[in-house]
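Chemist: Model the placement of chain L on the given structure of chain U, informed by the hints.
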Amino acid sequence: MTGWTDHLLIAPIVVPMLAGAAMILAGDRRRGTVVALGFGSTLLLVALSAALLRMAEAPELHIYRLGDWPARFGIVLVLDRLSAMMLALAAALGLAAFVFSLARWHRAGTHFHPLFQFQLMGLNGAFLTGDLFNLFVFFEVMLAASYGMALHGSGTARVRAGLHYLVINLVASLLFLIGVSVVYGISGTLNMADLATRMRDVAAEDRALLEAGLAVMGIAFLLKAAMWPLGFWLPGTYAAATAPAAAILSMLSKVGVYAVLRVWLLLFGAEAGASAGFGGTTLLLGGLLTIAFGAIAVLATQNLPRLAGASVFVSSGTLLAAIGTGQAAVTGGALFYMASSVLAIGAFFLLIELVERGREVGADVLAVTREAFGTGEEDDDVEAADEVGVAIPGTVAILGLSFIACALLLAGLPPLSGFLAKFAILAPLLGPTGSAVPATSWVLVVALVLSGLATVVAMVRAGIDAFWASPSGTVPRVGVIEMAPVALLIALCIGLTIAAGPAMTYMQAAAEALHAPGGYLRGVLATPAAGPEGGE
Amino acid sequence: MELIVSLAIGVLAGSGVWLLLRPRTFQVIIGLSLLSYAVNLFIFSTGGLRTGAAAILERGEVGSLARYTDPVPQALVLTAIVIGFATTALLLVVLLAARGLTGTDHVDGRERER
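Chains U and L supply the protein sequences, listed in that same order.
So the first sequence is numbered by my numbering: it starts at 24 and just counts up by one.
So the second sequence is numbered by my numbering: it starts at 6 and just counts up by one.
Looking at chain U on its own, in the form it has when it is part of the complex (with noise of 0.2 Å):
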């Protein structure tokens, strides 16, 4: 702890808190107030997070440790590569989504500023936090919140995935429980550097029971991940759910997978003695299946929520495959591609609502959001419309270009960054590293090459479908503020794409970092310099 600027990295969770708790105080009558409140906090987020990024550069790991006591006895939070990133990108999406409530969702139900505000602080906790039952911590904070997220505008479609969504959950955060209390119980830490240098030294018999334990706690990331026989619940939560609420949404299926690479690559690396690597077959493995799945649910689905939903595995299931292959090369193309799919998903999610608004289908879900929420509401709704953007003429055609550029960032061709991202992942597989090429990393290369033909064959049958056959005709009314967000999230995209160079190389490095974490278990367990003894 020497400067102001070491406590940044506790900024990230703290400036979401008081904001939703000040807009909770403030009352959802005072709109103004709580508007501004939202807006200041996401603006500030996406300042932190620069600010972090940069810092993440520096050689050294920064950690913050609470009340200064030493990582062993209290909670740490670090903030490395990473993490880093992770928070960029929450942040993004975060401001992209709150924007995109103010022209119409964020009236659509109660208290939706304070969950969206706590949704963030949830996820910027969960990639910060150090040890694993913060983790599990910050996972219930996120949950929670977006459980109200899932249900804002209510309505019987929501309603009834929301409950699936719910209990899935619940189980899942028991199974968390159950794997942390074994992690516990053998190692006796919870710490996750700790534990990672403890890996080695587990006596022989107890080695099991810890694999045991710690699967058990992967099974619940990988159901927030999505993974092939766990992610039957997410297409209709996310196709139910308002848009912003599902852009923000679609942030925590990759909060699973970064959990999988955090605690994965740390605990089962190349220094976890016989444990190490455990786990990797059954992650790349998953990974392609889900893959499969993803490429025949984007082929089957019928309309465009659906079919982001489906596209959401197709991503989950090419990170999980990447990351199970092991490779440092390949986990840092696969960092770029979650750069991209999280920014291109998350632009997808919106579009959609602005897209379908224009057809029955989304004349449905708002009809029966207002029906829900009383008629009153519906005036006042077309007259504030009128007022936030005047609709723009040739409005379907910017959509237009917003869907083909969504179109091809999620199919992964060229020239935008979703393409730099698949090379990214397929180069060093294929690489003149390993001579002969492995069978496994055939099937990868083959499976993101066919989900990259169906998600094309998917998105120019319904780009046609929404733009060129539309039946009705009419125009969708889309106001300015509802296109920014969107331009905003693929103009970040572009900027990725042009910015590959440095991009890359950032997230090469991060991949080092992962697959060699000396450097992050000395600077976790480093004793503070002037820290007070350990309290006994």
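Since the hints were made in silico from the structure, they are not lab data.
Nothing false has been slipped in among the hints.
Taking CB as the label site, the calculated pair distances span:
1. L:Ala91 to U:Phe255: 25 to 35 Å
2. U:Val503 to L:Ser20: 48 to 58 Å
3. L:Leu46 to U:Gly63: 36 to 46 Å
4. L:Gly105 to U:Arg52: 19 to 29 Å
5. U:Ala227 to L:Gly105: 52 to 62 Å
6. U:Ile33 to L:Ala91: 21 to 31 Å
7. L:Ile9 to U:Thr133: 39 to 49 Å
Beta carbons: idealized from backbone N, C-alpha and C, even for Gly.
Modeler: Chain L in isolation, oriented as in the chain U frame:
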């Protein structure tokens, strides 16, 4: 002691899983509660089980770390209970909303066709 606790955990978890797989929302919520009791007991037992030990110190005895039960699992279980309680309450609300909106207490929101 170990046998009784593990049997209790097993019975709770088994009944919880069975109820969780039933089609009525009320059965599901009771199942979840039972399962969370089982998990809480399980966490508690990872700290080690002791019978007849003093809470902190025995009279006329020098305190020793070896005689304490590990407090961390107790802290964990407390957190888990609080979080589980809150989420179960939320689930109850959603359950009632689903009952009101769909007119049935089936978990899928509609009765299976016979």
